[in-house]
Structure formats: C-alpha cells, structure tokens
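Peer 1: Okay, here's what each chain looks like letter by letter:
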Amino acid sequence: MTTEIILILIAVIVAPLLGGLISGIDRKLTAWFQSRQGPPITQGFFDVAKLFGKEKMAANPWIIFCAWVYLVAAALSVVLFFLQSDLLLIFFVQAIGAVFMVIGAMSVPSPYSQVGAQRELIQILTYEPLLILVFVSIYLATGSFQIDQIMQVEQPLLFKLPLMFIVLGYALTIKLRKSPFDFSTSHHGHQELVKGVLTEYSGPFLGLVEVAHWYETILVLGLCALFWSTNILAMIALLVVTYLAEIIIDNTMARMTWRWMLKYVWSVGLALSFVNLIWLYAKV
Amino acid sequence: MSNLLVVLVLLPFVAGLACYLLRASFVRSLVVLGTGGILAVASIALMMTGPFTYSPGPVLGMSWDSLITIADFALLIVILFYGFKHNNLLIKLFSVAQMVGLVILELFWVDHTAHVPTFYADQLSLIMVLIISIVGSLICIYAIPYMKEHEEHLHLETSKQPRFFLFLVLFLGAMNGLVLSNNILWLYFFFEITTFCSFMLIGHDGTEIAIKNSVRALWMNSAGGVAFVAGMMFIYATAATLDIQALLASGSATAVGLLVGLAFISFAGFTKAAQLPFQGWLLGAMVAPTPVSALLHSSTMVKAGVYVVLRFAPAFAGTFVATGVALCGGFTFLACAALAISQSNGKKILAYSTISNLGLIIACAGINTPAAHTAAIFLIIFHAVSKALLFLCVGTIEQRIGSRDIEDMRGLYARMPRTAWITITGILTMLLPPFGVLLGKWMAIEAASDQLFVVVMLAMGSALTVVYWARWAGSLLDMPGGEKPVPEEQALLMRLPLLTLCLGSVGLALASPAMYEYLIRPMFASAPFMVTGGVLSGPMGAFAVYPLFLVLGLGLLYALRVVKKSRGMTFAAPYSGGANVKGSNDGSFVGPMNAPVKIEAGNYYLPAFFGEERLTTFANIAAIALIVLMIGGAL
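As they're listed, the protein sequences go chains A and B.
So my numbering is basically just the index in the first sequence, starting at one, shifted up by 1286.
So my numbering is basically just the index in the second sequence, starting at one, shifted up by 14.
Incorrect hints may have been included.
Said to hold, decoys possible - Short, incomplete list of chain B residues facing chain A, as computed with Cβ under 8 angstroms:
#  : residue
1  : Tyr-134
2  : Leu-445
3  : Leu-446
4  : Ala-477
5  : Val-480
6  : Gly-495
7  : Met-554
8  : Tyr-572
9  : Gly-582
10 : Pro-588
11 : Asn-594
12 : Gly-597
13 : Gly-601
14 : Phe-623
Since the hints were derived computationally from the structure, they do not count as laboratory data.
Even for Gly, the Cβ is constructed at its ideal location relative to N, Cα and C.
Required output: the full structure, derived from the provided sequences and hints.
Peer 2: Structural data, given as structure tokens:
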C-alpha cells in the first residue's frame, strides 16, 4: 500500500516534471541542429506558468471540459503504468485522452480546429492498431499483459521482438506528432493549420494540454523501456538512443500527407508485425 | 415456475394479439405498458429462482410437442406463401427444404416416446431473459409515442400500428422461448418465429425499398433455417437425442456427424447475427421504423444468433470447428469496424458496430474458455443496453431534424441538448473505459491470447473503433461559446426509456464486478477471474473497474464544475486570422468582396480506404472462405 502510494505520487508529480525537462532538452537539441542558441532547458515550465497566469478565455465550454479530461486521462495512464497494471488497460485509458482532445477541437466552429481534429483522428487511426499489436506481441513473448509480470523476463524483449520495437517507434512518432507525422498540430509555427487541433485551446487550458503532453511523453518512453527491463543502465541507454533518433527524424524529415501516412505506416507496420509475430510463433 | 414461464413466453403472444384486435390506441398503449412491466418483473423473479428444468403438461389432450410441430409447418407454409407473393425463388427453395427436412426428422427419425425436457435455464438463459424482457420492453414503450409521430409524418389515414405492435410484442415472447428451450426442435420453432417477425417488421412501411429489404432479410435468415434443420438432422443421426443438455453433458464432440451438425447450427447463428457475408439484411433493416432497428440490434434477433452459437459452444470446444468459429467472428469484428469508418449515416454506423460486436461475441464462443464465455456474456449485456439507447437516440433525432446523417447532427447540442448528451453518453459507453463494452473487449482480447490470428484481429478491430465514435460525439457538440441551448420538448414515454437505458449503461458498468460474482461465476467450475476491491483479475491481466470509476468520475465532476464556473466567462470567437465578423462568435469571417462567409466543416470518411465498394466484396469472399473452412473442417 505504501509502495503504491509512493508510485502514484511519482507518477502524478515527478513524471510530468521529467516530461517537461525532456521537452526542454528536445528544444535545446533542435536548436543546436539548426545552429541556434535555443531556449533554456527549463523553458517549458516557464511557458506553462505563463499560460496558467493568463486570463481564462475559451471558444466554448466544451473546450475547457475536454482539456481537463485529457489531462486526467493522460495522468491516469501514467499512474497505471507506474502501478504496473495491464497494458491493454493502459492502452484503453490513453485512448480517453485522445478522444476528448478530438471532441474538444470538433466542438468549436473553427476551420483550423476542425481540420486539425480530422487529421488527429487519422493519426489515431494509424497508430492505435500498431500500438495494440505491440502489446499483444509483448503478451505472446511473456505470457502476460501485466507489467509486473513482463518485467520478470530474463532476456530483454528487444531480442525477441526487434521488429515490434520499430513498429512501436512508428506509433510513438505519430503519437508525439513529430515530423513527418505532424499533420494535426506542431510546435513549429509555419504549419498551414495554424495550430490545428490545438488552435482553439488557449491560456490556462492550453497549459493543461501542455502538461498532458508531458505525461504522454513519459508514457511513451515507459513503453520503450519495457523492451530492455533487465538492466537499468542499458534501459536508459535504449531510451536515450530512441529519443535522440526521434529528434533527428523530426529535424530531417519534411511533413508528409495523411494519405501517405495511412498507406506507408500501415503497410510497413503490419508487415513488420506479421514477420515478427510469425517468427515468435515459430520459435515457441 | 410454470406461472413465470407462461408470463414470459405466452403473455407476449396474447398481448400481441390484443394489440392487433383492440383498435383503440389508448388501450393498446396500456396493453404495451402493462406487458412491458409484467415481463420485466417476471424476468427478475425468474432470475431469483435460479436454474431450473421444466416440461409443460398436455393441453386439451395434446402434447405441446405436437402443437409445436403443427405450428412449425404452418409457419413454414406462411413463409412459402410470402415467397410466392414476392416471387422470390430463394425463399421458396429454403422454406420447402426446411419442410422436407422437418418431415423426415419428425415422421421417420425422432423417437417421440423419449422424454426430452422442454425448458431448461442456466445463468446464460436467465441473463438473456433479463435482457430481452427489460431492454425489449423499454423499446416497446418507446415505440408508443414514436409510432404515433411516425404515422403523422407519413400522413397515414389508416393506422398500421395494430399490426406493428402485434409483431413487436410477439417478438419478445419468441425470444424468451428461444433462450429457455432445451429441446432443439422448440429452439428451432422460436428461431423461425423471430425470422418471420423481423420480416414483417422490416417491411412495415410497405415502401418499395422496405419490401425489398424485408425480402432479403427473409431469404438470408431462411438460409439459416435450412442450416439449422440440417444441423438438427446430423445431430440426431449421430447422438440420437435433441436434448441440448444431454448433448452438452456428453462433453466435446468427436464424432464427425455431430461436429458437422454443430457447424451447421453455428452457421445458422451466423445468419441470425448478420455475420459476413450476411450483413446485408441487417444493414437493410434500417428502413424499418426505429423501434424495430433498436429491437433487432439490441435484445432480440441478433442476440438470438450469438445465443445459439454460445449455447452449443461447449459441445465443440477444442475442435477445429471452434477455431473456425473464432476466426469467422474475429474477421467479422475487424472487417465491420473498418467498414463503419466510411459511413456518415448514423444508423448504418450503428449497424456496422452491431455486426462488429456480434463478431466479437462469436469469436469468444469459438475460443470457448471460461474467460471467453464471461467476455461474451458481458458483451451481450452491455451491447444490448448501449445499442438500444443509441438507436432510440438516433430515432429521436431523426424525427426532429428529418435526417439520420451525422453531418446534419452537427451542433445538435444547441437544438436538442438532452438527447445530445444522452447520445454522447451512449457513445462513450460503447467506446471507453471503465464502461462495460470495453470491459468485454478487454476480456475477449485476453481470452484470445493463445490464438495468434484471432487475437490480432480482435486487437486491431478494437483500435479501429475509436475513430467513428469520436467524430460522431465531436460533431454533436459543435457550437459557439456563450450560446444557450434551447430546452428540448420530449414525450414522457420517449424520455423515460432513454434515461433508463442511459443510467443503465453507466450503472451496469459500475456494477460489473458484482454482476460477475453473482450472475456469471456460478456458471463455471473454476472461476476465470477473481474480484478484489472492484478489480477483475485474471491470469494474464487485471481490469480495475472501481478505481477507474473513482478517478475518472472525480475527474469528470471536477471538469464539469469548472465548466459550470465558466458561465460568466467571456467566450472568444474562433481564430480567423483577424478576419472575424464583428460581434459574431459563430466562426464567420470576412471573405471576398467584404461579404461574411459562414464556416462549414465536415468529417473525413476515407472512402478510398474503407468505402463499402472497396471492402465489401473482398470481405464477403474472405468470410465465405472462412465459413467453408469451418464446416469443412468438421469432416
């Protein structure tokens, strides 16, 4: 019980702080790639603090409602992860946040927000089947969806599921909305949809969304960590390499179209999944 | 005991006749209301009495078995008559084939001196009776004001409600009889009544398209009837009994004839459950008045199909037939989830969602473990409640706005606030944790985990489901800030069923750990799940019902409180790059020639990826191949 409470506190308080730092490092590295000084690593916290200090202004009440539900769902999925719950349950809970983000964007009669919402739905459509396939393959390799059971493996999952890790990488790039998959919104200001799905979130409510995004970053990295849970140093190394790869891809790729995303990611993702699952199945 | 059975099975027949014969609409309303209430109370009483076996005594010196046989042939003759009336060769062939099969079976094969218990109820049957009697009754009650309005819209001079309510109420009795039957011949009789009732109800309006779709429903379900008769013949030829419990008690079948028989009966269940390639009849049923769609999709027709497969599943556990059933169900689940993405017609979205969920239930029947059976039962319960709710909502919306296209429902909250939030609640209960449909999906995926192809199809189908529900909910809420919704007028007998089902879909999900403990666990020798503090734990994972309800509930309440406090807030106009029309919050902007341009928005339906023209043919071919594999695998 005490352990669980501590884990919950870590998930609710420490995780988003870590997520904010990671996004700060992200911006610092991106600036470095672009020969810029870039903001300090803690800039994300200053941004959110400023947003919370702004006047409460919204396009309609549902935006407010959806921002809060999004935050609660994102935090809850991280809590469930830290409590080492069922991967399928975590998948379904994170879907709550995704759904409410879209509903909030669709509730406003704004052209940018509406198109952003549609594109966000397509991104969800693209990554969710792949993500759940990753979870199923983890089950097939370990015999359980429960994270505490999955952590008991003696050999890193990466060796049994190397292709599934690549599939997970695709899903997470889409979920973090990094190039070439930043159709629905982007931190870059040059996007043709203004801020797309986030256009009408503003002030404190945009702050909520930013914090929720930090939670999601932690969840994403947590899922990657499952692939090497036998050694803490190797796990950290895997996470660092993976996230650096994300940043490099983000900075070297142009934004593509959602039609391309559906065809390309699904065909590659499903093919890799199929090969890895068949290989795993034959091996058992 | 016998009193409850008379009430649950015979009362709807009598009440249906009363609705037909008594022409005063007020009296008919009283009959429907009274029957609904009595059925609900009787089903609860039956549940409380627990499992039982029962055989009714002779009536007027004739055994019920003989009466059922006569009624069977009479019904088939009526169906044959409609085959001639609509000049449909398939109906003629199928009804004649059934008659020939029945003649052989009844006159030459079956030993009528052997005593077969007529009725048998276990937890599955009792749960089904609850669903049929409560959800079905609510739909009948909703139909009272709905049909009045419906006929006013059609400007009918002579009301057709008497016949409508005859078949609507009679349907409930047929369903109760079906799920309580232990004699396969009786099950077949009630199975055929549901086929006939659905035919009459789908064609109720008498329009050309209604007749066309009702005829298709009739021949497709008659194909199921032929398969059912063939299945009975194979089973009797091999096992020498038509007693379902005796069949199940002998354990999993190994005899080829028995397996073939079970495969045919599963096929019959597939047609009734509108599994690929038979989805056409259920999609076509949308032409019927909304109470018909709601009844077919939630508590009667399609549940009869999955019930039949689930009832016989223990007899083919561990065989190739079981694997085939799981693959057929899993494939339908995935394919129909994909097809639903391209639909903008609200009822068609609901129809594809229904077929998809039925595929999931059938996949569970094929998997055939206690965990899978638990998942199937949960899905049956929660799907019935949520789907009934959503169909009644769409019916209400359609009557008000004259359209069932979700693009026309954009901004519905401003016009019909109560129906809009009930609809959104229904959508969320179909989609998200901690609600029951998702709990059932979670259980199903975990139960499927040792069958690679099935688990992959179930997982991907679950993921595809998010898109079409989320955009529907989002469309309903579209409205500018600061605008107050218009209060909505609604007939009491419409509002009560909607609110009851809405509260039921949420409340039942909250009660799911208790439902598992008291209703489902007694079915199994070894419990597949353990309930601790509202957490359902299995060998492969855990679903935290109460903790999720607590956290999400508190989060929801807090969010609602923040929304309430925002009443006095200034709402900004949507961003338009500074080109907003002054004084307007509705998103209008100044366009060419300084003329205001109103915003328009639409959903992406991705017809190039998920359109019916692209997917249906291939899905049907694949489904036929899987069915042939299932039946052929029994040989």
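Peer 1: Are the hints correct? Go through all of them and say.
Peer 2: How the hints compare with the structure:
| no. | hint | verdict |
| --- | --- | --- |
| 1 | Tyr-134 | 36 angstroms, violated |
| 2 | Leu-445 | 7 angstroms, holds |
| 3 | Leu-446 | 5 angstroms, holds |
| 4 | Ala-477 | 4 angstroms, holds |
| 5 | Val-480 | 6 angstroms, holds |
| 6 | Gly-495 | 4 angstroms, holds |
| 7 | Met-554 | 5 angstroms, holds |
| 8 | Tyr-572 | 7 angstroms, holds |
| 9 | Gly-582 | 10 angstroms, violated |
| 10 | Pro-588 | 3 angstroms, holds |
| 11 | Asn-594 | 10 angstroms, violated |
| 12 | Gly-597 | 15 angstroms, violated |
| 13 | Gly-601 | 4 angstroms, holds |
| 14 | Phe-623 | 6 angstroms, holds |
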